[in-house]
Amino acid sequence: MLKEITITVNGQQHTLEVEPRLLLVHMIREVLNLTGTHIGCDTSSCGACTILLDGKSIKSCTVLAVQANGKSITTIEGVAQDNQLSPLQEGFKENHGLHCGFCTPGMILRATELLAQNPNPTEDEIRWGIAGNLCRCTGYNNIVKAIQYAGAKIRGEELPSTEPEFV
Amino acid sequence: MGHSLKRKEDARFIQGKGRYVDDVKLPGMLYMDIVRSPYAYAKIKNINIDEAMKVPGVVAVVTGRDLEKYNLHWMPTLMSDTQMVLPTDTVMYQAQEVAAVIATSKYAARDGREAVRVEYEPMKPVIDPYKSLDPDAPVLRTDKEGKKDNHIWNWKVGDKQKTDDVFAKAEVVVKEQMHIPRIHVASIETCGCVADYDKVNNHLTMYMTTQAPHAIRTVIALVAGHVGLTEEKIRVISPDIGGGFGGKVPVYPGYVIAIAVSFLVGKPVKWIEDRSENLQADSFARDYHITAEMAGTKDGKILATRFKVLADHGYTDASANPSKFPTGMFSIATGSYDYDATYMECDAVYTNKPPGGVAYRCSFRVTEAVHAIERITDRFALEIGKDPAELRLQNFIKKEDFPWKSPTGWIYDSGDYHKGLLKAMDTVDYHQLRAEQAEKRKRGELMGIGLSTFTEVVGAGPSKDFDILGIKMFDSAEIRVHPTGKAIARFGTKSQGQGHETTYAQIIAEELGIPAENIQIEEGDTDTAPYGLGTYASRSTPTAGAAAAVASRKLRDKARKIAAYLLEVSEDDLEWEPGKFFVKGAPEKSKTIQEIVFASYTNHPPGMEAGFEATHYYDPPNLTFPSGAYICVVDIDKETGAIHVRRFVAIDDCGNIINPMIVQGQVHGGLTQGIAPAMYEELIYDEAGNILNGTFMDYLVPTAVESPKWETGHTVTPSPHHPIGAKGVGESPTVGAPPAIANAIVDALSPYGITHLDIPITPFKVWKALKEKGAI
Chain A
1 MLKEITITVN GQQHTLEVEP RLLLVHMIRE VLNLTGTHIG CDTSSCGACT
51 ILLDGKSIKS CTVLAVQANG KSITTIEGVA QDNQLSPLQE GFKENHGLHC
101 GFCTPGMILR ATELLAQNPN PTEDEIRWGI AGNLCRCTGY NNIVKAIQYA
151 GAKIRGEELP STEPEFV
Chain B
168 MGHSLKRKED ARFIQGKGRY VDDVKLPGML YMDIVRSPYA YAKIKNINID
218 EAMKVPGVVA VVTGRDLEKY NLHWMPTLMS DTQMVLPTDT VMYQAQEVAA
268 VIATSKYAAR DGREAVRVEY EPMKPVIDPY KSLDPDAPVL RTDKEGKKDN
318 HIWNWKVGDK QKTDDVFAKA EVVVKEQMHI PRIHVASIET CGCVADYDKV
368 NNHLTMYMTT QAPHAIRTVI ALVAGHVGLT EEKIRVISPD IGGGFGGKVP
418 VYPGYVIAIA VSFLVGKPVK WIEDRSENLQ ADSFARDYHI TAEMAGTKDG
468 KILATRFKVL ADHGYTDASA NPSKFPTGMF SIATGSYDYD ATYMECDAVY
518 TNKPPGGVAY RCSFRVTEAV HAIERITDRF ALEIGKDPAE LRLQNFIKKE
568 DFPWKSPTGW IYDSGDYHKG LLKAMDTVDY HQLRAEQAEK RKRGELMGIG
618 LSTFTEVVGA GPSKDFDILG IKMFDSAEIR VHPTGKAIAR FGTKSQGQGH
668 ETTYAQIIAE ELGIPAENIQ IEEGDTDTAP YGLGTYASRS TPTAGAAAAV
718 ASRKLRDKAR KIAAYLLEVS EDDLEWEPGK FFVKGAPEKS KTIQEIVFAS
768 YTNHPPGMEA GFEATHYYDP PNLTFPSGAY ICVVDIDKET GAIHVRRFVA
818 IDDCGNIINP MIVQGQVHGG LTQGIAPAMY EELIYDEAGN ILNGTFMDYL
868 VPTAVESPKW ETGHTVTPSP HHPIGAKGVG ESPTVGAPPA IANAIVDALS
918 PYGITHLDIP ITPFKVWKAL KEKGAI
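Going line by line, the protein sequences match chains A and B. Using our numbering, the letters of the first sequence map in sequence onto residues 1 to 167. Using our numbering, the letters of the second sequence map in sequence onto residues 168 to 943.
Derived from the structure by calculation, the hints contain no laboratory data. Just to be clear, a hint being listed does not mean it is correct.
[Stated by the list, open to error] Chain B is nowhere near these chain A residues, computed Cβ spacing over 10 Å in every case:
id: 1; residue: E4
id: 2; residue: T6
id: 3; residue: Q12
id: 4; residue: T15
id: 5; residue: T35
id: 6; residue: T37
id: 7; residue: T75
id: 8; residue: E94
id: 9; residue: A116
id: 10; residue: N118
id: 11; residue: I126
id: 12; residue: K153
[Claimed, not checked] Below 27 Å or equal to it, Euclidean Cα-Cα: the simulated DSSO-like pairs (lysine-lysine) are:
id: 13; chain 1: B; residue 1: K221; chain 2: A; residue 2: K3
id: 14; chain 1: B; residue 1: K566; chain 2: B; residue 2: K586
id: 15; chain 1: A; residue 1: K153; chain 2: B; residue 2: K175
id: 16; chain 1: A; residue 1: K71; chain 2: B; residue 2: K175
id: 17; chain 1: A; residue 1: K153; chain 2: B; residue 2: K273
id: 18; chain 1: B; residue 1: K273; chain 2: A; residue 2: K3
id: 19; chain 1: B; residue 1: K184; chain 2: A; residue 2: K56
id: 20; chain 1: B; residue 1: K747; chain 2: B; residue 2: K728
id: 21; chain 1: B; residue 1: K935; chain 2: B; residue 2: K805
id: 22; chain 1: B; residue 1: K728; chain 2: A; residue 2: K71
id: 23; chain 1: B; residue 1: K553; chain 2: B; residue 2: K565
id: 24; chain 1: B; residue 1: K586; chain 2: B; residue 2: K805
id: 25; chain 1: B; residue 1: K173; chain 2: A; residue 2: K153
id: 26; chain 1: B; residue 1: K747; chain 2: A; residue 2: K3
id: 27; chain 1: B; residue 1: K184; chain 2: A; residue 2: K153
id: 28; chain 1: B; residue 1: K273; chain 2: B; residue 2: K173
[Said to hold, decoys possible] Now the in silico label distances, taken between C-beta atoms and shown as ranges:
id: 29; chain 1: B; residue 1: P194; chain 2: A; residue 2: D54; range: 48 to 56 Å
id: 30; chain 1: A; residue 1: D54; chain 2: B; residue 2: G433; range: 39 to 47 Å
id: 31; chain 1: A; residue 1: D54; chain 2: B; residue 2: G920; range: 53 to 61 Å
id: 32; chain 1: B; residue 1: K876; chain 2: A; residue 2: L159; range: 19 to 27 Å
id: 33; chain 1: B; residue 1: G778; chain 2: A; residue 2: Q12; range: 43 to 51 Å
id: 34; chain 1: B; residue 1: K184; chain 2: A; residue 2: L159; range: 24 to 32 Å
id: 35; chain 1: A; residue 1: T15; chain 2: B; residue 2: D802; range: 37 to 45 Å
id: 36; chain 1: B; residue 1: G195; chain 2: A; residue 2: Q12; range: 22 to 30 Å
id: 37; chain 1: B; residue 1: E606; chain 2: A; residue 2: R155; range: 36 to 44 Å
id: 38; chain 1: A; residue 1: D54; chain 2: B; residue 2: P243; range: 50 to 58 Å
Backbone N, C-alpha and C define an ideal beta-carbon position, used for all residues, glycine too.
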């Protein structure tokens, strides 16, 4: 028994027929072929599948596609606008905030909401703010720096140095 | 060199355009799910697939009996042991593969999996490795003819008599029993593949999460050659890899089943494991039980060490070590200290646990070795009441004594251990910290300072000693420069996040003068890349990085000849500066590398081969020996045992640095995979062999909250034998950090008579130890 849903993905409206049990992350990856959203666990622990649902960061492995009916989602493919990287995308690149890149889309979407709510977070607020997203490669130092860099950019302030403090 | 070039690979990753194995989607592709054993040890009485076959979308259920018909139900491990692909009659560990369900969708495959009915007859498993050697323990590997016990192998190195003599006469002897527990790499991408067998052309394309695509191609040919899949018919593609850390070196049964099914049905088959399957069934790391002893003088001179190890390999020895090294490089356990008597012995045993062990971001058991030597060194300092920093400075191998031959036979290529430790001590203001600690101890507060001054051994390795399944551990680079002076270079290694696309481009740019942005780097496709042994054990820069430099130099030699021809001078009259040759004394007469390359296609000297390409297979003359000096400061809450890492300073020496940003990033990540086993991670089994924390809900990978703000720095002692003086760095911090943390915690607790705690050191362990000692 399929169910019809209408969903806006990265600004484009889709009408789809899906199984009621289809997870949103599988709809994104398998039905829409947007493979930038990743799957890293089966317990909603890792955050690799994080997207924005009506502007709120959610783990798309924990939501059914039918629950997103009538709503709007943003995936990593929709973050850059008019070929212009978002401040966070730029921050991750400039500050070496990624190694293997697998957690990166989820991190960027999570941090997008974090900065939308609080454009000037403390380091502690950033660390707690991304505690639902696991990264196994970077040790988080440079992810924190990337988010601070993006915050400065959004606030229109002077950008912090991106040189490594490695003397 | 030495420039923090931003990474070339990042553009695709930050825009969701990375291409990982699970992103591969082929026409007609089928999906595979795996039925796994709930028991650690059981007879399979019956597998009923009737209901599963009725599930819409299910096309096949494959069991061990099916694979047996093609003699594909067993496979070799990298350590020349054997492992079931699917069992025919007995399961040997919980979560072992029992049957595979093939269906037209992921969901149908899962439905089918739930409908397979397996009848088991459980047996009493062997879980404790010490008990596995009991005379009355059941023999687990009855598949091995004549096997009468659970012992796998015995390994020993060093001079037993000499060491025992030193111990017998020594003023001070200390001893601790340590367990380096079973842990899991838990890369955020799990393992998986798409096996695509083309019946018409008898050709297999295997998209696979592997750190070593060429070696895998050879292994597949060895396993499946008898059914017609010979090596030229196999193409392994390792696309973007979402973290490896050693867990993507082995061949897991899932890969082989996917190949077998694709071979039988002639359609592509995708298998992607869940996180829980990944944690519960894929190769673990560590699980060494170590008895460490040190002998020395009352004034702090180290005289000898003894290490006795029991290695729990689970159901089969599925380690990923070089063939001649069953314990990997454990014999680096003599550490950074100058003494000449040691004896080490290791016995490996089978138990009813998943097979292993792989690295966990560690070059072949170096982490276990470093933990043992760094912990027992602190234990010795505690015994004689000497400051552990002072004791280390007293015993370090001196920089003028390199190259230095260790008592187990390694030739340490270079190092300056005093410089590293003094820099770390200076950074934390060590003596001030000790003064603060003394004050706090008077008030009964718990503060600890822990050191780790370790020597790594990486870059495997020289062909005389190092091979995997007989294949020597060289690595390779092939550089092709196009007529317009832009290049593509291909390698036998495979990045899993290390940034090879940037680092290798920088090496070639440095050697050839072609800008790094004009050099495209490719890895991971066995049809196009030169043969290599892959990326693990911090070997890429020491081997393939060296190959890039040597291949570039071959091209520079050719460029000199072409420049001499174009400028009508002798080769000896030319001088090189990055990017061009010029005539000595007449710098206006020059040819840029781009002009020279263009000439190699359009106007090459008579008699010279046209084109501008070079390949090099680099066989390192020695291993490289990175080192580090780490200091950790902890504050512990006495009432709850809660541990707060206040500071962690890491000074690394990985020789010459190609990209400081990438090296520092590797150090940050490695340190986090150091605090992880030190304080959080352990795969725990109960007596029945059930895993108690086989999901991300309860296997505690550190988040940004648990990870300290790392303070990093470096010293530079170039490797004398590496073409660009580099040593490799990816794993040093994972190796060096755990004992620094453990030493800091034990240092905090030492006033109460606590001399050792096994990692992971949790608040409960601390609280319990304090309670037992009557401190609270």
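Cross-check of the supplied hints:
1. E4: Given that every Cβ of chain B is farther than 10 Å from that of A:E4, nearest at about 18 Å, it holds.
2. T6: 22 Å, holds
3. Q12: The claim stands: A:Q12 keeps its Cβ more than 10 Å from every Cβ of chain B (closest is about 15 Å).
4. T15: 21 Å, holds
5. T35: Non-interface label fails for A:T35: nearest chain B Cβ at 4 Å, not farther than 10 Å.
6. T37: 7 Å, violated
7. T75: Non-interface label on A:T75 violated, nearest chain B Cβ at 7 Å vs cutoff 10 Å.
8. E94: 7 Å, violated
9. A116: Its Cβ never comes within 10 Å of chain B, the nearest being 18 Å, so this holds.
10. N118: 16 Å, holds
11. I126: Non-interface label on A:I126 violated, nearest chain B Cβ at 7 Å vs cutoff 10 Å.
12. K153: With a cut-off of 10 Å, A:K153 remains clear of chain B, as the shortest Cβ separation is near 14 Å.
13. B:K221 x A:K3: 24 Å, holds
14. B:K566 x B:K586: The given pair, whose Cα atoms are some 9 Å apart, holds under the 27 Å limit.
15. A:K153 x B:K175: 22 Å, holds
16. A:K71 x B:K175: 36 Å, violated
17. A:K153 x B:K273: This hinted pair is violated, its Cα atoms lying about 42 Å apart.
18. B:K273 x A:K3: 19 Å, holds
19. B:K184 x A:K56: OK: B:K184 and A:K56 at ~23 Å, within 27 Å.
20. B:K747 x B:K728: 13 Å, holds
21. B:K935 x B:K805: 11 Å, holds
22. B:K728 x A:K71: 66 Å, violated
23. B:K553 x B:K565: Since the Cα atoms of B:K553 and B:K565 sit roughly 20 Å apart, the hinted pair holds (cutoff 27 Å).
24. B:K586 x B:K805: Not satisfied, since the Cα-Cα distance of roughly 35 Å exceeds 27 Å.
25. B:K173 x A:K153: 18 Å, holds
26. B:K747 x A:K3: 66 Å, violated
27. B:K184 x A:K153: 24 Å, holds
28. B:K273 x B:K173: 38 Å, violated
29. B:P194 x A:D54: 48 to 56 Å: 35 Å, violated
30. A:D54 x B:G433: 39 to 47 Å: 45 Å, holds
31. A:D54 x B:G920: 53 to 61 Å: Between A:D54 and B:G920, where Cβ atoms are some 59 Å apart, the hint holds.
32. B:K876 x A:L159: 19 to 27 Å: For B:K876 and A:L159 the Cβ distance comes to about 20 Å; the hint holds.
33. B:G778 x A:Q12: 43 to 51 Å: 47 Å, holds
34. B:K184 x A:L159: 24 to 32 Å: Since B:K184 and A:L159 have Cβ atoms about 25 Å apart, the given range 24 to 32 Å holds.
35. A:T15 x B:D802: 37 to 45 Å: 58 Å, violated
36. B:G195 x A:Q12: 22 to 30 Å: The hinted range 22 to 30 Å holds for B:G195 and A:Q12, with Cβ atoms some 28 Å apart.
37. B:E606 x A:R155: 36 to 44 Å: 42 Å, holds
38. A:D54 x B:P243: 50 to 58 Å: 53 Å, holds
The structure does not agree with the numbered hints 5, 6, 7, 8, 11, 16, 17, 22, 24, 26, 28, 29, 35 stated previously, though it agrees with the rest.
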